Amino acid sequence: MKTYLLCIALLSGWAQQAAQAEVFERTLSNGLKVIVKEDHRAPVLVQQIWYRAGSMDEAAGKTGIAHVLEHMMFKGTKTVPAGEFSKRIAAAGGRENAFTSSDYTAYFQQLHKSRLPLAMKLESDRMHNLNLTAEEFGKEVRVVMEERRMRTDDEPQSLMHEKMMATVFQEHPYRHPIIGWMSDLEALTVDDAKAWYKQWYAPNNATLVVAGDVKADEVFALAQRYYGAIPKVAQPPRRNFTEPPQIGIKRLVVKAPAELPQLVMAYHAPSLADPDKDWKPYALEMLAGVLSGSDSARLNKHLVREQQIASDADAGYDSTSRGPGLFMLDATPSAGKTVQDVEAALRQEIALLVKDGVSEEELKRSKAQVMANEVYKRDSLFYQAMQIGQMESIGLGHRTLQVMLDKLQAVTAEQVREVAKEFLLDDNLTVAVLDPQPLSGKSKHKAEGGASHGR
Amino acid sequence: MAAKTILIKPIGIIALCCISTLATATPHIQRWQSASGANVLFVENHDIPMLDVAVTFPAGSSYDTADKSGVANLTHSLLDAGADGLSEDDISRGMADIGAKFGGNFDIDRSSITLRTLSSAAERDKALDIMARVLQSPAFPEAILAREKTRLVAALKESETKPDHIASKAFQKAVFGSHPYALPEQGEVATVEKIAIQDPKDFFQAHYHASGAVVAIMGDVTRAQAEAIAQQLTAWLPASADPSALPKVAMQIAASEQRISHPASQSHIMVGAPGMARNDPDFFPLYVGNYILGGGGFVSRLMNEVREKRGLVYDVHSYFTPMKEPGAFQIGLQTKKEQADEALRLVRGTLAEFIAKGPTGKELKAAKDNIIGGFPLRIDSNRKILEYLNVIGFYDLPLTYLDDFTRKVEGVTAAKIRDAFARRINPQAMATVIVGAPEPATKQEAGK
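Sequence lines, in order, name chains A and L. Heads up: the first sequence runs through residues 112 to 566, numbered per the working numbering. Heads up: the second sequence runs through residues 93 to 540, numbered per the working numbering.
Isolated chain A, as found in the complex:
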């Protein structure tokens, strides 16, 4: 029910070599790319369909439409009534859901290996036959408003994150929340959903990933049968946003009912564009690993365990996205300490990085974790399919996964120091603070909102 944080960054290992051999791909004549990952450990499979349309593709005033449409995809087609999609998958013993991000929207079903035709029949049907009605839209957008209240409005840290992103990015659509601003949700209509669906839900804007106990040739044949006849839809050129350079530190404070303050420092950073030639995104991944890849990594060791300035401290960076990247540090002050104290401590860590760099031992440890995670990921069919779908959807392609592993292993300590020095600068920085308010602070609501929650 919370905002899900998915860790896709640190991949790794020799296992990938063997794994790659079992990945097959083919593109149908209507442009649908089909990728099959064979894995015969258990008699199950997962089908995922990925559309290259996420919240970053939304127009001003229409935020949230990508996600609302995702909900509407369960509301029936010309031949499958509302709710029936879920019922049929459930009756086949399946599990299904969908998710929307800033970069893409994806749908999935997990089933016994014999049920792929059913999943394909239903999924291909709603790729081009969705029946969007004002009545269903009206109900579902209310559901999404409840989702927004639960995930964001009543979650102080999410609220701070939302407001921070709107401050970090001045022009890039990453400044808008995936779930949409409440006033946009209130203004959206079924026609907006129709326009979005018509534009983006097309075979030539999608990637189909099937992983599990299947044979690639059979999957390709089924894909041709179910998806092959869906017509292409001309895709408009994508707008490339160039976020204007930030030229000075930005700060914001968000007040919300909570007990603990929190501090987030977000630095603009590159994302992976040319996997063969780039080196900075890989160095930034290793930097995040050295800072918070384990309990013994720097932030937890220094700030939480030794100095006891923070009760939690983390670093995060994702090199793979359609838009620009961010390198983020966050910390919660421990009892008796302030956000100023934790900011000073985080800055001290950055200064230390820039001055002395990282040790070979720390780097080796981060690389060992990358390698091990690459073996562990084989225990999750879903995750393996997800990595493939994400890499395709952001335009890098799944074969880049292997390149990334090799490049991560090649990062040097000096490169890590260099990226810390280049990107962790005040001119690049937004500092967000959660300022906790007492729960009983109702007079404030009264003064600001003109309405009372009463007592």
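Hints listed in this document are in silico derivations from the structure and should not be mistaken for laboratory results. Honestly, I wouldn't trust all of these hints.
Unchecked claim - Here are the simulated PhoX-like cross-link-like pairs (lysine-lysine), alpha carbons at most 25 angstroms apart as the crow flies: (1) K232/A - K454/L; (2) K198/A - K457/L; (3) K198/A - K401/L; (4) K198/A - K449/L; (5) K475/A - K218/L; (6) K460/L - K232/A; (7) K249/L - K448/A; (8) K448/A - K241/L; (9) K412/A - K401/L; (10) K193/L - K475/A; (11) K449/L - K366/A; (12) K412/A - K249/L; (13) K198/A - K460/L; (14) K218/L - K412/A; (15) K448/A - K361/A; (16) K274/A - K144/A; (17) K401/L - K189/A; (18) K249/L - K198/A; (19) K224/A - K500/L; (20) K241/L - K412/A; (21) K500/L - K198/A; (22) K160/L - K286/L; (23) K309/A - K173/A; (24) K460/L - K224/A; (25) K454/L - K198/A; (26) K250/A - K401/L; (27) K224/A - K457/L; (28) K448/A - K454/L.
As the list claims (entries may be wrong) - Covered, in the sense of this in silico footprint (three residues per stretch, anywhere, with C-beta under 8 angstroms from a C-beta of chain L), are these stretches of chain A: (29) 148–160; (30) 253–260.
No experiment lies behind these values; they were computed from the predicted model shown. Glycine included, each C-beta is placed from N, C-alpha and C at the ideal position.
Add chain L to chain A, keeping to what the hints say.
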């Protein structure tokens, strides 16, 4: 490290671990008692060069006392704070060096310590050596207890501001009264502040015995290696004592309704009562019945009535929490304050009708189709199988549990469901908690 924000629609929470079937081969489970007295369950599988191990003790929060609530949790979380000459940093760094994942799970019944490591000898041996020392010779350093108490108190105070946490705490109290299942898993600010270093030391001596331990091993080792591992992890645990039995849960509670104010825009609502134990004879009828009522995600009755038909909520679910003693049956939902009472009426009406009439034949068939047809998904990874080993061992379920599962589901009838629910759940005697409750005086809310 990457942080991608993604919105996922919720599938109802299914708190029950279990299921088995079809033509799907179930894992071959080997079980034995280690020389130490520990109960060992093992599945050998060499598909992936890795090893998962979980060691579980009957040392969850229900073994706390009200005045020292929180000792069980702190004992669990301090195990890796230093052991047998290894410092806290030696332990976490040692595991990180070899890419091992060292963690744990803690609930009202169980305290588990878990390890996932590469199975190559160098990594495996190092990881197991650290785990063995942490499990059997924890040092419980006083300075780290002080630090962790401070962190925990801060976290508890933060939780006290969250509507879902406030609701859950009041709900447990209303359902379990003075039974230890009512104690908050992590303790309370006032009780945690009182905890001294001798408390976790004593708790460890009293509850971490080889004879009560369940060692679950899954993955790339042989039977002989698994035997050695189980012994290595439990040989030096404190000498055995009689297992402490939990008091009985009072199954009948008085109807109650608490409305707690909160500035959140939504009301968080919980409705429930004591439900069933893990080895309950009514387990299957209640499990299948609950799938129909509110456990089956988008296809459940509650979801259909409250979300699909009326758009009142994002999530509404029901589930049983089968524990050593009967855990709670609960329904949960969140909705904006103005429509909280409407949603609550619907939920109560849906529950009452289900209890009175039971499921339709069509609903029962759909439930069985899903649970039986989906059985292979329950055992499709090492992680999932490890958890079954843990549950089968800890709750003393038959070794054929997975083999029998689909047959037991198949044997459930509408009459059995109606009968089991009627005996367990009385809609007139349930606890209701509403946090962020709509206030009778004013229904207005700041402009949303």
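Outcome of the hint check:
no.: 1; hint: K232/A - K454/L; in the structure: holds, 23 angstroms
no.: 2; hint: K198/A - K457/L; in the structure: holds, 12 angstroms
no.: 3; hint: K198/A - K401/L; in the structure: holds, 15 angstroms
no.: 4; hint: K198/A - K449/L; in the structure: holds, 22 angstroms
no.: 5; hint: K475/A - K218/L; in the structure: holds, 17 angstroms
no.: 6; hint: K460/L - K232/A; in the structure: holds, 23 angstroms
no.: 7; hint: K249/L - K448/A; in the structure: holds, 15 angstroms
no.: 8; hint: K448/A - K241/L; in the structure: holds, 16 angstroms
no.: 9; hint: K412/A - K401/L; in the structure: violated, 51 angstroms
no.: 10; hint: K193/L - K475/A; in the structure: holds, 16 angstroms
no.: 11; hint: K449/L - K366/A; in the structure: violated, 49 angstroms
no.: 12; hint: K412/A - K249/L; in the structure: holds, 24 angstroms
no.: 13; hint: K198/A - K460/L; in the structure: holds, 13 angstroms
no.: 14; hint: K218/L - K412/A; in the structure: holds, 22 angstroms
no.: 15; hint: K448/A - K361/A; in the structure: holds, 23 angstroms
no.: 16; hint: K274/A - K144/A; in the structure: violated, 37 angstroms
no.: 17; hint: K401/L - K189/A; in the structure: holds, 20 angstroms
no.: 18; hint: K249/L - K198/A; in the structure: violated, 42 angstroms
no.: 19; hint: K224/A - K500/L; in the structure: holds, 23 angstroms
no.: 20; hint: K241/L - K412/A; in the structure: holds, 17 angstroms
no.: 21; hint: K500/L - K198/A; in the structure: holds, 23 angstroms
no.: 22; hint: K160/L - K286/L; in the structure: holds, 7 angstroms
no.: 23; hint: K309/A - K173/A; in the structure: holds, 15 angstroms
no.: 24; hint: K460/L - K224/A; in the structure: holds, 18 angstroms
no.: 25; hint: K454/L - K198/A; in the structure: holds, 12 angstroms
no.: 26; hint: K250/A - K401/L; in the structure: holds, 8 angstroms
no.: 27; hint: K224/A - K457/L; in the structure: holds, 21 angstroms
no.: 28; hint: K448/A - K454/L; in the structure: violated, 60 angstroms
no.: 29; hint: 148–160; in the structure: holds (count 4)
no.: 30; hint: 253–260; in the structure: holds (count 7)
Hints 9, 11, 16, 18 and 28, counting from the list given before, are not met by this structure.
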